[in-house]
Amino acid sequence: MTRNFALFPLMVVIILVSLPLMTMYGFLILDTFTDAPPGELWPDEFTLRHWRFLWDMSAAGNVWMATLNTAVLALSMVAVVVPVSSLAGYAISRLNLPYRRFFLAGILVMHAFPAVTLLIGVFFVLKFTGLYNTMIGVILVKGALMLPFGIWIMKGFYDAVPWEIEMAGVQDGASRLTVFWRLIVPQVKPGLVALSVFAFLDGWGEYLLPRVLAPGSEMTVMSVLLNQLIAGDDIGFDFNLFKTVGVFYTLPVIALFVIFQNRLMTIFGGGTKG
Amino acid sequence: MRLHLDNFTKCFDGTPVIEGLNLTVEDGEMLALLGPSGCGKSTTLLSICGIYRADGGRILFGDRDVSALPSQRRNVGVVFQNYALYPHLTVEENIAFPLTVQKKRTDKAEVARQVREIAELIHIEALLSRRPAQLSGGQQQRVALARALVRKPDVLLLDEPLANLDAKLRLEMRSEIRRLQLETGITAILVTHDQVEAMSMCDRVAIMDKGEILQIDSPTEMYRAPANRFVAGFLGNPPITFLDGQTAQEGRFAMAEGLTLPLPAHLRNMPAGRPIALGLRPEHFGHGGAGQASGRVTFVEPQGREMLFDVQAAPGVTLRSIQPTRDDVAIGDEVTWSIDADRMLAFDADGRRL
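Protein chains in written order, with this note's numbering: chain A, 3 to 276; chain B, 860 to 1213.
It is worth saying that the hints were derived from the structure and are not from the lab.
Chain A is nowhere near these chain B residues, computed Cβ spacing over 12 Å in every case: (1) THR874; (2) ASP1025; (3) ALA1115; (4) THR1119; (5) PRO1134; (6) ARG1155; (7) GLY1163; (8) GLY1175; (9) ARG1179; (10) VAL1188.
Facing chain A, a subset of chain B residues (Cβ under 8 Å, in silico): (11) SER930; (12) PHE939; (13) ARG1010.
Dumping the calculated SDA-like pairs for lysine to any residue here, alpha-carbon to alpha-carbon at most 20 Å: (14) LYS962(B) x ARG184(A); (15) LYS191(A) x GLU952(B); (16) LYS962(B) x LEU928(B); (17) LYS191(A) x LEU948(B); (18) LYS191(A) x PRO85(A).
Note that beta-carbon positions come from the ideal geometry of N, C-alpha and C, so glycine has one too.
Please model the entire structure based on the sequences and the hints provided.
Here you go:
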């Protein structure tokens, strides 16, 4: 009883503070299904008109193509970042590598480095290698930029696995590879799941790199498409359509968060012991 | 299988921590490596199992030189201090792991049979389907033992196996490990810093200090006749009391603080004026004998069956006595108790026993 009462003022404050936020989200969803008279706040009619972009490609461009591109980018991030990070993280955490400290410091610096400053250099490199305006180029660059984060996170998870487990495995007659695969990887599974989700979300939400490095129309991803929707012309600007495409774009993110929220917390909880 | 370390040397960052160590463990024997932290006992153990590479000398299992072999090919069973069970596998899978990673495949039924056999030996049949997190410390210890033994290793290495258990379980596992060792007849090495463990579980004890083996002997012999002052001070609980002084006239020993005692019988004709140290164990003070010391009781520690007394025999000289519980002596009492002078240990200035 007393506990609940003690929490009561806190709850009120939290609700008050987050009220504007909740209102915005509420209207974001509401506006996708309704129309309001000009200048009014409350809607007066229900409509599915704003979702027409799903079948009418003239409304917001080829949404399905963009969704597919975004999915390809996001899944490629998982495919690149997770395997490389899990191997590199293990090496950094466990193996007596030459220049190990240098690598560690390098990863930290790269992690903190603002990627935007590299953009022009990357642009020239991609031009030179012929990967400019290809999805592969974007995937490689985005993957490389995300690797320091992934490696660092995975290193933290490997650090938390006791040395003795590895020693015991080797004593039991297993090779280093068997030990890694059958004994160590299962211990860092929460890390792998969390990192996969993060990599996916990072790829899903990326705007800058595809915009700059792959501006071709067949490579358009959702974030770029969304931007084109407002940048196109500002006279016939359809507010509700923009919101609806935005909601459509956000749906997978919300779904992932709902499914994996506990797993994602492990990255911040147990995973980052230096 | 007989285990032999021949001139074994191990360095860390170029500094030798163990130099030219020789050690033989006979077939079926259980030997304790006993010593304070940092004495090199764990280093020796980890070198035997192959996690560390020896920097010199040979490690022989029987006649087989294994010094160049990786851990996987040495056939050594190891029980680690924290057991190192695989948390994502069940007890059964944990025990079966060494069998399933072997080069020559053992079929499933055979693996299950061997796991069951070892589980019965160690009394954990009922736990096979559980996971390590659902086990108590003692049960985890048993599983670790089973996993180490299932492969029928040539040598069993135990690295502080009882350190993480509470006092009662420790007693139980002490005899349990010894029973298993005797039943399987396996050659075993126990690394510990607990003298009670070493003495109660092992055929022989090797005392190590600063990377050197100071003495190898059976527990009773080592207790009765320690080679030097370090060994004498390490064994025995409550510990031995050292009295630093000189030999005096007529086969006596005198301390600068004023206490004099008769020398042990075999040293009676030592010339006077030699610096020596006497070691007096608490069970030899107050239990009859030729010597005598009187003083004030400064501390009494009841232990149930026995009592421990600290007696200040001279300024700065405290003698310790252990006696069956008695309530006629209290702190502050003046007592005169006998000292069994012939059973005192004497050490020369370099710490060697005389």
